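Enquirer: One line per chain: the protein sequences are X and V, in this order. Going left to right, the first sequence walks through residues 50 to 464 as this note's numbering numbers them. Going left to right, the second sequence walks through residues 50 to 464 as this note's numbering numbers them.
Worth double-checking, as some hints may not be accurate.
Since the list gives no way to pick one copy over another, a pair counts as held whenever it fits inside one copy or between any two copies.
Said to hold, decoys possible - In the DMTMM-like style, the derived pairs of lysine to aspartate or glutamate whose C-alpha atoms are separated by at most 25 Å in a straight line are:
1. Lys-177 with Glu-401
2. Lys-223 with Asp-397
3. Lys-223 with Glu-393
4. Lys-223 with Glu-410
5. Lys-223 with Glu-401
6. Lys-177 with Asp-150
7. Lys-177 with Glu-390
8. Lys-223 with Asp-174
9. Lys-177 with Asp-325
10. Lys-223 with Asp-441
11. Lys-223 with Glu-413
I should point out that these hints are in silico values taken from the structure, not numbers from a laboratory. Please read all numbers here as calculations on a predicted model, not as lab measurements.
2 protein chains.
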Amino acid sequence: MTTQTAGDQQNLSEYNRSRTLQYLYHHGIASRAQIAQALHLTPAALSKISNHLLSSGAIIETGPLEGKGNRRSIGLAVNTGQYRVLGVKFARSLIQIGLFDLAGSAQAVWVDQATDYPTPAEAIDAVKQHIRAIMRQFTNIVAIGMAVPGPYLRSVGHTAVVSSMRQWREVNFKAEFEHAFDIPVIIEQDARAGALAQYLFDPQPRNENLAYYLLGEGIGLGVIDHGSVINGALGTATEIGHVSVDVHGIPCDCGNVGCLERYCSAVAIHDLLNEDRTIVPDSPALTHHEACIALFELAGRGDTRAQEIVRRIGTYVGYGCVTICNAFNPSRIVIGDIVAEAGEPLLDRVREVVRERVLPELVESTAIELSTLPTDAAVTGAAAVAIMYILDHPSRFFTPQTVHNATTNHNNQER
Amino acid sequence: MTTQTAGDQQNLSEYNRSRTLQYLYHHGIASRAQIAQALHLTPAALSKISNHLLSSGAIIETGPLEGKGNRRSIGLAVNTGQYRVLGVKFARSLIQIGLFDLAGSAQAVWVDQATDYPTPAEAIDAVKQHIRAIMRQFTNIVAIGMAVPGPYLRSVGHTAVVSSMRQWREVNFKAEFEHAFDIPVIIEQDARAGALAQYLFDPQPRNENLAYYLLGEGIGLGVIDHGSVINGALGTATEIGHVSVDVHGIPCDCGNVGCLERYCSAVAIHDLLNEDRTIVPDSPALTHHEACIALFELAGRGDTRAQEIVRRIGTYVGYGCVTICNAFNPSRIVIGDIVAEAGEPLLDRVREVVRERVLPELVESTAIELSTLPTDAAVTGAAAVAIMYILDHPSRFFTPQTVHNATTNHNNQER
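Based on the provided sequences and hints, a complete structural model is requested.
Expert: Okay, here's the thing in structure tokens:
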């Protein structure tokens, strides 16, 4: 998933170090011989790369694999304990900050109500102060990943005009954060960050065709196709929340009609509960998240009207899955964030809709699951963005203790 | 766009030869230094690769670039005249076979009416005989590309259950064709083949975020995102024809409801003309293609009812473009095949719908165009599939005249 543009010998070395780190990150422990074979590198080239990464502390040796005894069969692994990253997740009403090790384990999570601040500018200032305080308190924080709601225009740095994000629209995330600290800050659309988290932190490395379907205050999607994130020209691909499921349906602030987001996002559910106060009477006093949880709890206690609403939400979430199958054909769709907390009843209805509307061959080969990442999964995606950046740019973070002379003569390093 | 699985030194060499060929194919003429820089290869490694490709006739030297005079600034280019390929396009009612050089120029095109044969099996036999006759008549044909309507299940070899392809459903294209001749046969979904053709044969190499929107008897889509084709797990991604634009709309044989294909494919248009015979009275006697052309000609002559129908078709084609923008965010959508022959009036309406329904930032950055490939563009896609295979597997087609010893010691080849 590395993107390289300029190319010289220095870049080539960095590119191959990054590929080696990424391979090890996904496979846990591997020998030099296994890595060289998988990455189409000669043993000599891989030996040079692994020496550099070992000497800089980016990787460690884990001992012999399968008792072969020679140097090429010693296990290598990423040194995930050396550094920490921060993940920051922005949603309409919530800002979460998490401290993570490089394995993606949360060490602490803080939550701010964005709505406590009169303006986005004040919320942004508070986030900056909070991050600085965390960086004073904890050592070895080397990068910050941020997850923002889509459509996020990557090159420009701000989100496009959509209903559920109006308050953040005036914020240029790149301008605000990119140079705010003395460590790199990387900003990504939230569902794509979630897909990266599923891809990086899945305990059993599986297929590389994965869709992360984010059902939060907005609805987003991140898709990894054969190991590559689908980005689109401006970084606004896979905006499932603004794909229409009904060209004659409810108008959306994005300009489209019948956007999925208008039917099954936490905001749409909260709107529904505010219109009909007989279901969750104190709905207007609740946050979007609290209102959804109140509905799901009612349904869980057997309230038939709440169950009907959950079923209707599941139907629309299912329509979205049908589109995801036909548009992206992933082998796994992971459903996460607020609306996923409706749990099995929602998932059952989603699977039912998919069975009704998707080609049988695709139904059989597409797993649809609820996210198994911990409850702070939202902010975990932001951390994944930072970790992916480190794996992509190892030399910015890891400096060898003994400097090797990076000549083009491979024989110097051969053993 | 190379997919490599096993990995040893032999594969590594082939992989780098393929990358070099692909770079040259896209850039026309480049120096060794330019290629080495772009592909992250050392000058020594690139020199070895280019010697191999020159010696096998895969590439040629075109003379000095920018008068620098040294060997590394001599232009290299793919030798597109050495071989020819066949492209075979299957549609519901038509089978087209084209003979192409490696630059993608058609040298001859033959058309069979599939409906002339009582069964698909007999049509398949006729195609095989036709291909064998062409191979006897013309020399240097080294590969055959085939384009079949989607959803095409790549690993299994047949198309999935959908209305516009019922007659082909029982045909296993892989089993029928993969070993039918003594040259490789490569089978691809038709719209993806069309996207490859746009990508390979575009006279001005442009951005690498391209969608080819095939409006034929069926509706298909092929998307290239940052230089990679989006395939999905089974090869059935980007099936825009079966993405619903109206979950309460017309049921489709694929199981879904409101599939785009039911509103603006050539088959849907022909169905409409057969229902209301007052527009094109002899419609039932025409092929799908002929019926559409008759309608477009009426509209062109100022028939207001025909114009209204073209406008309605453009509206639905536009809804599809809106979904393509939100799902794939390409920088260019190329509209091709039968329905594209409606020309500018259709394109105007499509652009109007996109302006109404897509975020302004995306409208500005997404070009929507009619295909500029020659009228036999359909079969050109099939040829592109064969040519891409050759670029991916150079050693199966090009053998060096002087055999180089492929040791890992680069110094042998250094100059």
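Enquirer: How would you classify Lys-223 and Glu-393 at a CA-CA limit of 25 Å: within, between, both, or neither?
Expert: neither (38 Å within a copy, 40 Å between copies)
Enquirer: Indicate which option fits the pair Lys-223, Glu-401 if close means a Cα-Cα distance not exceeding 25 Å: within, between, both or neither.
Expert: Answer is neither; intra-copy 42 Å and inter-copy 32 Å both fail.
Enquirer: Using 25 Å as the alpha-carbon threshold, which applies to Lys-223 and Glu-410: within, between, both, or neither?
Expert: Answer is between; shortest inter-copy Cα gap is 17 Å, intra-copy 43 Å.
Enquirer: At most 25 Å between alpha carbons: which applies to Lys-177 and Asp-150, within, between, both or neither?
Expert: within (21 Å within a copy, 60 Å between copies)
Enquirer: Taking 25 Å as the upper bound on the Cα-Cα distance, should Lys-223 and Asp-441 be classified as within, between, both, or neither?
Expert: For Lys-223 and Asp-441, only the intra-copy Cα distance (19 Å) is at most 25 Å; the inter-copy one is 39 Å.
Enquirer: With identical chains treated as interchangeable, where does the CA-CA distance between Lys-223 and Asp-397 reach 25 Å or less: within a copy, between copies, both, or neither?
Expert: neither (40 Å within a copy, 36 Å between copies)
Enquirer: From the Cα coordinates, with 25 Å as the cut-off, is the pair Lys-177 and Glu-390 best called within, between, both, or neither?
Expert: neither (30 Å within a copy, 56 Å between copies)
Enquirer: My question is about Lys-177 and Glu-401: at a cut-off of 25 Å on alpha-carbon distance, are they close within one copy, between copies, both, or neither?
Expert: neither (45 Å within a copy, 43 Å between copies)
Enquirer: At most 25 Å between CA atoms: does that hold for Lys-177 and Asp-325 within a copy, between copies, both, or neither?
Expert: Answer is neither; intra-copy 39 Å and inter-copy 66 Å both fail.
Enquirer: With 25 Å as the alpha-carbon cut-off, assign the pair Lys-223 and Glu-413 to within, between, both or neither.
Expert: So Lys-223 and Glu-413 pass the 25 Å test across copies only (21 Å; inside, 42 Å).
Enquirer: Evaluate Lys-223 and Asp-174 at a C-alpha cut-off of 25 Å and name the case that applies: within, between, both or neither.
Expert: Within one copy only: 14 Å inside a chain, 61 Å across chains, cut-off 25 Å.
Checked against the numbered hints above, the structure violates hints 1, 2, 3, 5, 7 and 9; every other hint is satisfied.
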